[in-house]
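Q: Build the complex from these two chains, which are given one at a time in their own frames, with help from the hints.
So the sequence lines, in the order shown, correspond to chains P and B. Going by numbering that gives the first Met the number 0, the residue at position 44 of the first sequence is 43; the numbering climbs one at a time, nothing skipped. Going by numbering that gives the first Met the number 0, the residue at position 229 of the second sequence is 228; the numbering climbs one at a time, nothing skipped.
To be clear, the hints were calculated from the coordinates, so they are not data collected in a lab. Misleading hints may appear alongside valid ones.
Derived pair list, reagent style SDA-like, types lysine to any residue, alpha-carbon separation capped at 20 Å [to be verified]:
id, chain 1, residue 1, chain 2, residue 2
1, B, K865, P, A36
2, B, K464, B, N234
3, B, K430, P, T74
4, B, K279, P, S79
5, B, K430, P, N71
6, B, K672, B, D732
7, P, K89, B, D732
8, P, K89, B, L727
9, B, K865, P, A34
10, B, K866, P, A34
11, B, K866, P, P27
12, B, K866, P, S25
13, B, K866, P, I35
14, B, K279, P, H4
15, P, K89, B, C728
16, B, K638, B, H926
17, B, K279, P, S13
18, B, K865, P, W29
19, B, K866, P, A36
20, B, K279, P, L7
21, B, K279, P, E76
22, B, K430, P, L73
23, B, K279, P, S78
24, P, K89, B, P729
25, B, K279, P, I77
26, B, K865, P, I35
27, B, K279, P, H75
28, B, K866, P, W29
29, B, K866, P, Y41
30, B, K512, B, G120
31, B, K279, P, P9
32, B, K677, B, D652
33, B, K430, P, E76
34, B, K279, P, T74
35, B, K865, P, P27
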Amino acid sequence: MIIHHPLLGPRDASEFVHLGDATLLSRPDWQADDAIAQFHEYLYQRENPAGEYRELWYHEQGDRSWLIITRNTLTHEISSVELARDVARKGSAS
Amino acid sequence: MTQINRLSGGKINRDKPCTFTFNGKILQGYQGDTLASALLANGINLVGRSFKYHRPRGIFSAGSEEPNALVQLRQAASNEPNTRATVTELYDGLYATSQNHRGPLNFDLMAATDLLSPFLGAGFYYKTFMWPRAFWEKLYEPIIRASAGLGKLSGEEDPDIYDKGFLHCDLLIIGAGPAGLAAARVAAHAGAQVIIADEDFLLGGRLNSERHEIDGIPADQWASETLAQLQEFGNVRILPRTTVLGAFDHGIYSALERKTDHQLHSNGKPRQVLWRIYSKRAILASGATERSIAFPNNDRPGIMLAGAVRSYAKRYGVAAGKQISIFTNNHSGWQIAQDLVDQGVKITAIVDTRDIPPPATFSGVAIMMGTQVVNTTGRKALRSITLSNGHVIQTDCLAVAGGWSPNVHLTCHQRGRPEWRNDIAAFVPSKSRPVGMSVVGAANGDLTLGAAIKSAHQTTNAVLKSIGFQTKRTQPPRAIDEAFAITPFWHVANQKHRAWVDLQNDVTTKDIKLSQTEGFHAVEHLKRYTTLGMATDQGKTSNVLGLAVMAEMLGKPIPETGTTIFRPPYTPVAMGALGGRARDKNYAPIRKTPSHQWASEQNAVFVETGNWLRAQWYPKLGETHWRESVDREVLATRKSVGICDVTTLGKIDIQGTDAAAFLNFIYANPFLKVPVGKVRYGLMLREDGICYDDGTTARLGENHFVMTTTTANAVLVYRRMEFARQCLCPEMDVHLISTTDAWAQYAIAGPNSRALLAKIVDNQDLSNEVFPFMACGEITICNGIPARLFRISFSGELAYELAVPTRYGDSLIRALMAEGQEFDATPYGTEALSVMRIEKGHVVGNEINGTTTALNLGMGGMVSQKKDSIGATLSQREVLINDNVVRLVGLQPVDKSHALQAGAHFLELGSKPTTQNDLGWMTSVAHSPTFGHSIGLGFVKNGHMRHGDIIRAWDGIRGRDIPVKIVSPHMYDPEGAIQRG
Chain P
0 MIIHHPLLGP
10 RDASEFVHLG
20 DATLLSRPDW
30 QADDAIAQFH
40 EYLYQRENPA
50 GEYRELWYHE
60 QGDRSWLIIT
70 RNTLTHEISS
80 VELARDVARK
90 GSAS
Chain B
0 MTQINRLSGG
10 KINRDKPCTF
20 TFNGKILQGY
30 QGDTLASALL
40 ANGINLVGRS
50 FKYHRPRGIF
60 SAGSEEPNAL
70 VQLRQAASNE
80 PNTRATVTEL
90 YDGLYATSQN
100 HRGPLNFDLM
110 AATDLLSPFL
120 GAGFYYKTFM
130 WPRAFWEKLY
140 EPIIRASAGL
150 GKLSGEEDPD
160 IYDKGFLHCD
170 LLIIGAGPAG
180 LAAARVAAHA
190 GAQVIIADED
200 FLLGGRLNSE
210 RHEIDGIPAD
220 QWASETLAQL
230 QEFGNVRILP
240 RTTVLGAFDH
250 GIYSALERKT
260 DHQLHSNGKP
270 RQVLWRIYSK
280 RAILASGATE
290 RSIAFPNNDR
300 PGIMLAGAVR
310 SYAKRYGVAA
320 GKQISIFTNN
330 HSGWQIAQDL
340 VDQGVKITAI
350 VDTRDIPPPA
360 TFSGVAIMMG
370 TQVVNTTGRK
380 ALRSITLSNG
390 HVIQTDCLAV
400 AGGWSPNVHL
410 TCHQRGRPEW
420 RNDIAAFVPS
430 KSRPVGMSVV
440 GAANGDLTLG
450 AAIKSAHQTT
460 NAVLKSIGFQ
470 TKRTQPPRAI
480 DEAFAITPFW
490 HVANQKHRAW
500 VDLQNDVTTK
510 DIKLSQTEGF
520 HAVEHLKRYT
530 TLGMATDQGK
540 TSNVLGLAVM
550 AEMLGKPIPE
560 TGTTIFRPPY
570 TPVAMGALGG
580 RARDKNYAPI
590 RKTPSHQWAS
600 EQNAVFVETG
610 NWLRAQWYPK
620 LGETHWRESV
630 DREVLATRKS
640 VGICDVTTLG
650 KIDIQGTDAA
660 AFLNFIYANP
670 FLKVPVGKVR
680 YGLMLREDGI
690 CYDDGTTARL
700 GENHFVMTTT
710 TANAVLVYRR
720 MEFARQCLCP
730 EMDVHLISTT
740 DAWAQYAIAG
750 PNSRALLAKI
760 VDNQDLSNEV
770 FPFMACGEIT
780 ICNGIPARLF
790 RISFSGELAY
800 ELAVPTRYGD
810 SLIRALMAEG
820 QEFDATPYGT
830 EALSVMRIEK
840 GHVVGNEING
850 TTTALNLGMG
860 GMVSQKKDSI
870 GATLSQREVL
880 INDNVVRLVG
890 LQPVDKSHAL
900 QAGAHFLELG
910 SKPTTQNDLG
920 WMTSVAHSPT
930 FGHSIGLGFV
940 KNGHMRHGDI
950 IRAWDGIRGR
960 DIPVKIVSPH
970 MYDPEGAIQR
980 G
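Just chain B, with the same shape it has in the complex (with noise of 0.2 Å):
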């Protein structure tokens, strides 16, 4: 079987032929062929189930408004379910597959559901999965579950790339059909930034599918020329294979450009970029769809929109049908015959609804007007047809002209609303449109081709000179206005057939009935209650239509009745395309530490801290569980020495006459009178009284400032601190820079630190006298390096920071571990840093989570009130401050053999788990080697008052219930005279 339905003719390549696979059946076609036009040229009509019903489906039209021929392409990873065939470029080795049926797709399994149909009307859902309630997750779920979508996802990881694009120009031309051709003539000539893109691979649209004469020579050939004209002018961008999708704010649209689509192998090349295109000025040239009539059992294969039976013919040399007849209610239907006719198309009837005298005869073609179609036979494929006046005809192809809806997408997008026109019976677009866009040719009711193309050419001009480039005096192409008539016909009333008006969706003239019987009379009702126009097609072919059944059971006009209007994408695209390169590893940026590369030599496991990577821990040959080397790193520490990568906190650093007056009003404890050489921990409140962040700051001149956020924090907090300098304190003298990058930063801590550094620092005296707890200083080390140098702790131990500029940061870790050779210095990680801050009774994000107040944290002296500071005025509201709010503890358990678990809740011993009896909650926990069992913090009520009292944590989540005794959160050195030593 060879292409029985090819004709001659066609904008198909005769020379290269593609042999492609539909359902396992190895078949032929041409370059220039889609899936559709392929397979109607082998004689195949039958290529997919319907949604709801399981009715078998054929081709209906020839472009990307096709609700029924969606297929599975490609295999295995690649392959794409619900791809629709009529926009699906043929090539050589395309594979495709019907979806939505169980077993093959003549006899599928599933055909039974449309025997069931009196029960699956609209509302059936709603209706029907309500009750009983336990039968939901059980049983119902699962049927729907298993019985819903189309096609089926590979469920592997996409292979393909996908990039995302930024194109700038004056004048975004969205179609190249006739309207948008002569509109980029005129911008080309003008000298504007054009770009014209278009979803089709053939540039042209009706131009190519119908036979018409602009400017004297055949249509396609003035497309081809115009074309082939408008690629020789730098300033024009002409992309083919690209949908604009929407219409965003300020002329900014995104649009979709198939690269490789189109090939069988991508070749490590995008297959699609996503664009995003800013515009001065937009010309939508979008053109119109046909729309189709509903009558009984107008859903068999062989039933197609008449436009697209004569573009098959015309442009792809394929007859749809060996038997066609045509059923119209406008005169674009006898166009279509006479067109068929000139392309050697057989034709057998000609129905139109409209009682007036024929507009043509065609020989041996039976004419029937005032007549309508009411009832079809054939089950995979139409066989008759039963006329009102009483005659069947035998025919295999049924094409239906219900007129055509002008493309008014895009203009909506920005919640415009069209209009409805009673002379073409088809909604318009409204003054209400995306500022800055035109709308020309049959997307704005031009149906004709003569007036499509002058008002494309007057506009575009207009559009032009409003944006300051100066057009010639041109005459715009000539070609002349077709007959177009229409006299509105929308369904066939028949009570015992059905009736489609959505066919992707299975949504017939009966839903719409019982959803106005059952009151749903608005049209997003409608839609929501029907599913009508809500598949992947966006009812492009059906949603006026609806629409207008729905104002024919109301008895009211259309425009009264309502206008649906549509939202992005214009057709549906890949979640590849919309995410881009931006997935697995490149999802985000990874930020790495100086010491990174050391760190990995040393086998550290890393740990992702926003976007930074941080050792978690260094596991040493022979530890076999993260515990093992955690423990190591504490106990190494607080008996010698470790060193620990701080790179990541923040780093602000504050310049200026009133650094020491901003950073006052910053942080919620005082700050005028830290000296010079010191370093002072802070506390940020958020306006709400409500505590944020908390970091220590060191003061290295009079007038400079250097300030350490946490890791997390460190974006917000310096987009706090310049709210506050921009917007509340304009007058102060002051400066911010980010300088968390600048610097490599090293905790060195235990007993053993000082004497560590003593070795690399230049001159400098670290004694207690020169040096003491929290002082800072700008050093040098190793020789003349600079470093800044803090005497600060979180460990508890005996402790210093130390910063270099970041390029030495890989040097001085190896310098530090190399000279702490003979402390047995050891590198520790998060897990150990946390440990020991447990231990300490430092706080963290856990226990600084958005909710707690200086008070709760035990920090509610710090929170002066003697001076202007963000969140200070609303940290004393009454309900922050009375006797019931919980504190911080520390808790340990009372059988030592316990583990205690975060989240746990606090409970009098023997009382309820009841919200009511709520003490508080854990907050973090930890294995103290130290101590020698489990320890944890968390907020107890009034858990200031409580040290040594025993409560439960209870833990309902994971089933445990244990006795722990309340402590001070400062467990390890509590006087702290360690970290002073």
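Chain P with its partners taken away, still in its complex shape (with noise of 0.2 Å):
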């Protein structure tokens, strides 16, 4: 695969490693409280969706940058890329 890294341009998938569900930037309020119900969920509760699918992926042989990609399961297409900091700076991860 090839990911266009917003800062960097078009890099090998070999560059990255993959993590996950991008619903990991929505960590949940440590005080509420159901608060070990509400972690419990963001750790493990995940959709498995046949089609597309935001996930964090982490340029290590690269910038260190951790994007989110939203990728199509079923084809491998990836139709956007965004540096998952600018994502949670404003709030929203899903």
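A: Next comes the structure, spelled out in structure tokens:
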């Protein structure tokens, strides 16, 4: 696969480490009454869509950016690549 | 006997004869031959035995689809089994032997298997070797293993070199036949960066094997002239002997280039290169493969694909037989007959399954329309064929023309499914194929020459336009469309004799019938039950035939019966080529610390930890056992001073106004209020509440920390910290950089460590008042060399860690040893380090093993619930904090002469070794020279409440069972007075 890094342009997927679901950006509030239940949901419950999927990749053999990649799990078509930090700052992960 | 079947003509170099050996016989051929063509020229067609029934087999095809002619090539370590003779380029000195027989090839002792064939049908293994179960390992498996496989590996190390490489292009053209060459011409003129790859050593594809004209000149001449023109273009890279193996995501293709396989010696050059090709667009011009017809006893040597017989005649100047007959269901059989006659090959008969007027006549050739071949004779070479009209024809070569299957393989590599086309009775690529791939020529179902060239020309123009190239308006090269009409005919129904579908895996129509009878109708089931198409040729000549036979048996049309798709690689690849240079010591990079040279001079024994080499111990003259060295190193350190290289620990530099807040989030224990000039031990949890790393972090300034991680987790910790920084704390002002390689670091431990350090530091007061336990600072040593000093202790001694920029690492270890002479300073390795940390009760990966919590490790109190940190919330799950969880303890044998063993499980005295009775397990053990007996660390249920209890350490695997005493994990200096001293 080729990932179009927002800062570095097209890079081979072998430079990256894959983590998984981008919802990991939406970390629950530790002070919530049901914090344990919320963290459980956050950590273990995942959608497994056949189609578009937003996921985290880390450019470990590169600039060490964490990226959010929208990839079609059926075709591997990548429709968007964003810096995870930009997304996290906007406060929307999904 | 000299090349009795050699004709005139052919694309071989008669000025370059090659001498080669097959099964001990010395033979002659020419440069430009394949091993197969040279064998046929010498009248040899029996070249191997079949996989299952050990039937005599001959050369079947003239290309990479070959199912039969697999040989052992070369000798000793260079020996390569299962090499297809049909694509093995002949060279002077080539050495080959046949395979899969016991005794000589023409008297195979295993041939008796053929007599047992009624019992060896599809599913034989599944049905036979099921019971009795006890026979599996001792009887069945050895027998199956002994008779399985074709060729034999040498068992020696591969002496060849393999490389990997990367190529980029606008357009990758796969196949250099008429369509590929026509495409390359257009792309070359348009100025695109072009790669054209073909598996053959002679480019031109079928133009070299058939008689055609293109643009008014002979087609083979057109091919060589076109290639010569392409070579003039700087933007075209021509890769002969290069098989494109697979189509991967986003226009990436893998290809194997055989660099020196056609030479006797590699002469130090890479034998093969595995290319990764990045393309903007790809054009698949892979042509088509002929298929056979299933008729009784159709596997005899001398029964070949008709196109191959023509190829041997025209391209190689070899007659595949003295009396050739043709069996066809389509017009290409007649075209082949014409080409053979033109080459001066004698044809005896043409048998056509179609009841139509003969498309042509040939003088002296018997022509039978609406007729089938119903049997053959000749065990080691074809002698005669029997026809459905009762005629028996004497023939030594039967050319079978069953129709053509487009080579759709690469279109399937991303689950594209080919579609059936009735007019050509073949599968062609559908729209579902890899993004960016276009298919032209015969591969796309344009089986006639004029149409193939025209479609390649037009498609290439359109493809180039789509990626921004201007193409000139040009006409495609002119060629006529030869007659091609087919009436599908797949198999001759016959109850008595076997009719082969898949020659390589010995699958017959009877097996397909059995599969159908037993309910395995789906193609994927058919394949797996009968092994149809699952040999090394991936069923290139058999898949469509097998599917068609199944369709007939089911009474369904082929498209409703299904289709098979293909996976990479297109043809088999040597493991060596996939490994490339990454083998033996080059498998992974080796990391050496700055003291490596010095340690080697001390005869250090090294151990791999990750990619690092670390000194494990330093044997002294006269020490014969590692324990002697390790015990000495421990005792010397505890008595005076020892020095250990700890450079390999991960180091991360953390800076920014939010650095302290960030660490407070990363570590489970508080970090906000660490004073400048102090070090704090930190514990990291995963978000699920399990510990994953620990280390010390020093605050060098208000906004500057230096973290150490364990050697093994350095990369992982850094990755997770970047995740936290970018994804969870995006607003924080904090930056991270890995400085593991920037600093050389030594632990200096023992009562005399302070005195030794005092000799090399510049004006630094080392007294307890100024530089107490857990102090840190940036200092200079040896007259101005920058250094960092940390007063931390892994050994439990009065100890320091001293870091200098990497380039001073070698000098520093030498300076420390020289200055330490008066204290008998002793270097110690990772073994002594481990012994001392067990004595002290410090945990490492054995204890922080990915399943244990802070509470398990005796550090539950460190996990602050007054702040948010990774893992803090879920560490409080009931299942992790109940009263029954295991706790870290120290263990000592009751009988001090017993040695403890890691991995032993703990049980109450007298209780049975069952899972229910399991109390925990031993994680780390060592012989303690300090205490004079074996000691251990481990986890015991509620162990913190049980110090002093005696339990069993039961080790069922090694047959040990001894009583041990639970003690505090902190066996050495539990109050820490020594390290604070």
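Q: Are there hints from earlier that the structure breaks, and if so, what are their numbers?
A: none
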